[in-house]
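Trainee: Spelled out, the chains give:
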Amino acid sequence: QQPVQSPQAVILREGEDAVINCSSSKALYSVHWYRQKHGEAPIFLMILLKGGEQKGHDKISASFNEKKQQSSLYLTASQLSYSGTYFCGTDYGSSNTGKLIFGQGTTLQVKP
Amino acid sequence: DTAVSQTPKYLVTQMGNDKSIKCEQNLGHDTMYWYKQDSKKFLKIMFSYNNKELIINETVPNRFSPKSPDKAHLNLHINSLELGDSAVYFCASSSRWDQPQHFGDGTRLSIL
Chain V
-3 QQPVQSPQAV ILREGEDAVI NCSSSKALYS VHWYRQKHGE APIFLMILLK GGEQKGHDKI
57 SASFNEKKQQ SSLYLTASQL SYSGTYFCGT DYGSSNTGKL IFGQGTTLQV KP
Chain U
2 DTAVSQTPKY LVTQMGNDKS IKCEQNLGHD TMYWYKQDSK KFLKIMFSYN NKELIINETV
62 PNRFSPKSPD KAHLNLHINS LELGDSAVYF CASSSRWDQP QHFGDGTRLS IL
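In order, the protein sequence lines correspond to chains V and U.
Quick note on numbering: the numbering used here labels position 109 of the first sequence as 105, and the sequence is numbered without any gaps.
Just add 1 to wherever you are in the second sequence, counting from 1, and you've got the numbering used here.
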């Protein structure tokens, strides 16, 4: 039931783009994206709801393909501050409790 | 002004002891959560309360007992600590079950 993220790790130079994918084996109600820097709390980036509604960060975009049960996070013109571990959290919507199942994380390192 | 605050930040104790972690949020949110993040960074939901009512109770040993005295506070008490309890415990809150979750800075629990 845990979503699968890919890639597991990526190294970029400043200004390069990256895509992080989150795939589920079950139909999704929503997908949340968080970034966590080492030793810090996860920080909310984006939420994508079933039906196409999108909320979140103005410098990072994301898509939600309900049919494919997949979400992708797009990081364009990456900055050093983008480094960290990115987690998707999936809500299957069956209980209306906000229960998120998180993926294993994707570690992103942006180099100068 | 810290939105979600946890105390203590670090907790080092011996096997068999009982300990508590406190969490407070000043965001006016109705829902609060406890997560456990292990050494592989896997983030797993443990409990959730909505307006002091328990709504998520994952498969967690009954040595773990959450308590919510009011909707701004959610504490976690752990009895008879075991080596496997070593992890970072995060408290989070959200205004509604389908809204972004705001995480505290975490409590790093180390069992000797």
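No lab work stands behind these hints: they were computed from the structure.
All of these numbers come straight from a predicted model, not from anything done at the bench.
Hints may be right or wrong, so weigh each one.
Stated by the list, open to error - Below, simulated SDA-like cross-link-like pairs (lysine to any residue); rule was C-alpha separation at most 20 Å, straight line:
(1) 45/U / 6/V
(2) 42/U / 89/V
(3) 53/U / 10/U
(4) 45/U / 89/V
(5) 23/U / 89/V
(6) 42/U / 39/V
(7) 55/V / 35/V
(8) 37/U / 65/V
(9) 45/U / 78/V
(10) 23/U / 41/U
(11) 37/U / 23/V
(12) 53/U / 113/U
(13) 33/V / 20/U
(14) 45/U / 21/V
(15) 20/U / 52/U
(16) 68/U / 84/U
(17) 41/U / 34/V
(18) 45/U / 55/V
(19) 95/V / 101/U
(20) 33/V / 43/U
(21) 41/U / 88/V
(22) 42/U / 78/V
(23) 37/U / 103/V
(24) 37/U / 3/V
(25) 42/U / 55/V
(26) 45/U / 19/V
(27) 41/U / 55/V
(28) 95/V / 113/U
To be verified - So the derived list for chain V, only partly shown, Cβ under 10 Å to chain U, looks like this:
(29) -2
(30) 2
(31) 11
(32) 12
(33) 39
(34) 70
(35) 85
(36) 98
(37) 101
As the list claims (entries may be wrong) - If you anchor each label on the Cβ, the simulated ranges turn out as follows:
(38) 77/V / 39/U: 36 to 46 Å
(39) 21/U / 11/V: 23 to 33 Å
(40) 73/V / 80/U: 26 to 36 Å
We put the CB at the ideal spot given by N, CA and C, even for glycine.
Trainee: Decide, hint by hint, whether the structure agrees.
Mentor: We went through each hint and held it up to the structure:
A C-alpha spacing of about 23 Å is found between residue 45/U and residue 6/V, which places the hinted pair above 20 Å, so the restraint is violated. The straight-line distance between the Cα atoms of residue 42/U and residue 89/V is roughly 24 Å, outside the 20 Å bound, and the hint therefore fails. Distance hint between residue 53/U and residue 10/U is unfulfilled; the C-alpha atoms sit about 24 Å from each other, more than 20 Å. A threshold of 20 Å between alpha carbons decides the hint, and for residue 45/U with residue 89/V the separation of about 17 Å falls inside it, so the pair holds.
About 29 Å separates the Cα atoms of residue 23/U and residue 89/V, which puts this hinted pair outside 20 Å; it is violated. Our distance criterion of 20 Å between C-alpha atoms is met by residue 42/U and residue 39/V, whose separation comes to about 15 Å. In summary, the hint linking residue 55/V to residue 35/V is not supported, as the alpha carbons are separated by about 23 Å, beyond the 20 Å threshold. Note on residue 37/U and residue 65/V: the hinted pairing is violated, with a Cα-Cα distance of about 26 Å set against a maximum of 20 Å.
Proposed proximity of residue 45/U and residue 78/V is contradicted: the alpha carbons are some 23 Å apart, above 20 Å. Among the hinted pairs, residue 23/U with residue 41/U is inconsistent with the structure: their alpha-carbon atoms are about 24 Å apart, more than 20 Å. Restraint check: the Cα-Cα separation between residue 37/U and residue 23/V comes to about 25 Å, which exceeds 20 Å; the hinted pair is violated. Only pairs whose Cα atoms come within 20 Å are accepted, and residue 53/U paired with residue 113/U is rejected, the gap being roughly 33 Å.
Our distance criterion of 20 Å between C-alpha atoms is broken by residue 33/V and residue 20/U, whose separation comes to about 27 Å. With a C-alpha separation of about 18 Å, the suggested pair residue 45/U and residue 21/V falls inside the 20 Å cut-off, and the hint holds. Our distance criterion of 20 Å between C-alpha atoms is broken by residue 20/U and residue 52/U, whose separation comes to about 24 Å. Of the supplied pair hints, the one linking residue 68/U and residue 84/U is violated, its CA atoms being roughly 23 Å apart against a limit of 20 Å.
As the CA atoms of residue 41/U and residue 34/V are separated by approximately 12 Å, the hinted pair is consistent with the 20 Å bound. A C-alpha spacing of about 28 Å is found between residue 45/U and residue 55/V, which places the hinted pair above 20 Å, so the restraint is violated. At most 20 Å may separate the alpha-carbon atoms for a hinted pair to count; residue 95/V and residue 101/U meet this at roughly 12 Å. Between residue 33/V and residue 43/U the CA atoms are separated by roughly 14 Å; this keeps the pair inside 20 Å, and the hint holds.
Note on residue 41/U and residue 88/V: the hinted pairing is violated, with a Cα-Cα distance of about 24 Å set against a maximum of 20 Å. This hinted pair checks out: residue 42/U and residue 78/V have alpha carbons roughly 18 Å apart, not beyond 20 Å. Restraint check for residue 37/U and residue 103/V: the C-alpha separation of about 19 Å stays at or below 20 Å, so the hint holds. For the given pair, residue 37/U sits about 23 Å from residue 3/V by alpha-carbon distance, which is inconsistent with the 20 Å threshold.
Distance check on the hinted pair: residue 42/U and residue 55/V sit about 25 Å apart at the alpha-carbon level, beyond 20 Å; violated. Of the supplied pair hints, the one linking residue 45/U and residue 19/V holds, its CA atoms being roughly 17 Å apart against a limit of 20 Å. Distance restraint check for residue 41/U and residue 55/V: the Cα-Cα separation of roughly 28 Å exceeds the 20 Å cut-off, and the hinted pair is therefore not satisfied. With a C-alpha separation of about 32 Å, the suggested pair residue 95/V and residue 113/U falls outside the 20 Å cut-off, and the hint is violated.
Below 10 Å, beta-carbon pairs count as interface contacts, and residue -2/V has one with chain U at about 9 Å; its hint therefore holds. This hint is violated: residue 2/V has a C-beta 16 Å from the nearest C-beta of chain U, more than the 10 Å allowed. Interface hint status for residue 11/V: violated, as the beta-carbon distance to the closest one in chain U is roughly 27 Å, over 10 Å. Using the Cβ-Cβ criterion of 10 Å, the hint placing residue 12/V at the interface with chain U is not satisfied: the shortest such distance is roughly 24 Å.
The restraint placing residue 39/V at the interface with chain U holds, with a minimum CB-CB distance near 7 Å, inside the 10 Å limit. The restraint placing residue 70/V at the interface with chain U is violated, with a minimum CB-CB distance near 19 Å, outside the 10 Å limit. With a cut of 10 Å, the hint placing residue 85/V at the interface with chain U holds, because the nearest CB-to-CB distance is about 8 Å. At about 4 Å, the closest approach between the beta carbon of residue 98/V and any beta carbon in chain U falls short of 10 Å, and the interface hint on this residue holds.
Proximity of residue 101/V to chain U holds as hinted, the smallest CB-CB distance being about 5 Å (cut-off 10 Å). About 26 Å separates the C-beta atoms of residue 77/V and residue 39/U, a value inconsistent with the hinted range of 36 to 46 Å. Between residue 21/U and residue 11/V, the C-beta spacing of about 47 Å breaks the proposed range 23 to 33 Å. Residue 73/V and residue 80/U have their C-beta atoms about 50 Å apart, which leaves the hinted 26 to 36 Å range violated.
Taken one by one, the earlier hints fail for this structure at numbers 1, 2, 3, 5, 7, 8, 9, 10, 11, 12, 13, 15, 16, 18, 21, 24, 25, 27, 28, 30, 31, 32, 34, 38, 39 and 40, listed in ascending order.
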